[in-house]
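Chains as they are written, first to last, in the working numbering: chain A, 1 to 87; chain B, 1 to 140.
These aren't lab readings, by the way, just hints derived from the structure by calculation. Wrong hints could be hidden among the right ones.
[What the hints assert, rightly or not] Some chain A residues near chain B, calculated using beta-carbon distances under 8 Å:
# : residue
1 : Gln47
2 : Phe49
3 : Trp50
4 : Arg66
5 : Gly67
6 : Ile68
We treat Cβ as the ideally placed atom computed from N, Cα and C, and that holds for glycine.
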Amino acid sequence: MKAYTTVPKAPIVEAILDIQVEPAEGMNIGAASIPLILREMSIKQGQWFWALKSITNEDPVKPEHRGIVAEMSRDWLQWGKDRGYID
Amino acid sequence: MPSNYRITSPESPDYNCIAWAAGTDDRWWWPDNQYTAYWPAEVPREETLAAFIQAYSLKGYVPCDTSDYENGFEKIVVYTNEHGKPTHAARQTQAGRWTSKLGNWEDIEHDRPDNLAGRHYGVVVDGREVDKVLWNRRLG
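All chains, please: the whole structure from these sequences, using the hints.
Structure (structure tokens):
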């Protein structure tokens, strides 16, 4: 899966999105990266949101939080806890 | 990087150049189609100069002709690339210099809008002022 955006991405995000997502023994490479991204986000806030939306096809960010990195991070981390990706 | 500049803040991922030019340092402004950044609800979410003009007009900015400092006015400039797509914005300080936020990195203060040259900001290297749009708003 390749996608392009003008919102700056961290290098790791570009690497994840450049991975060809092919079914292989039921494994989805994109989905496997979600806990990694969320753990990184919990340690150091950054522009992970575009990648998470692309991988998950979900958007837990409240509209009033758009653009506010800390609030968007909290919304995604709560999403991750609710779905069991992180503790 | 401009040749005459100074760093005026620590690195911060909390805001970008478009927000900083609008006087905001607590969120990213950009009309991305993924809705990950803030964009005024009443403005089309499109990466066009017209949309940026409309967004900044909500802050009271109107077009102007010169980047020269004028007492009582605050000026901003939006840079566009060769396709007319906005790429950066800067704001004039009350000292007559210009302040820019560089992505996830620091704010810098520079002498003139065309101190930022190169393919990312849409200003040709020979210093010719092209592909920038100026606005001002009255202060006070």
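So, going through the hints one by one against the coordinates:
Interface hint at A/Gln47: satisfied, since its Cβ lies 7 Å from the closest Cβ of chain B, which is below the 8 Å cut-off. For the restraint placing A/Phe49 at the interface with chain B, the shortest Cβ-Cβ distance is roughly 4 Å, inside the 8 Å limit, so the hint holds. With 8 Å as the threshold, the beta carbon of A/Trp50 comes within range of chain B, its nearest partner Cβ sitting at about 5 Å, so the hint holds. The interface hint given for A/Arg66 holds, since its Cβ lies 5 Å from the closest Cβ of chain B, which is under the 8 Å cut-off.
Satisfaction of the interface hint for A/Gly67 is found here, the shortest Cβ-Cβ separation to chain B being roughly 3 Å, below the 8 Å cut-off. Given hint, A/Ile68 at the interface with chain B, holds; its Cβ is 5 Å from that chain's nearest Cβ, closer than 8 Å.
Comparing the model with each numbered hint stated earlier shows that all of them hold.
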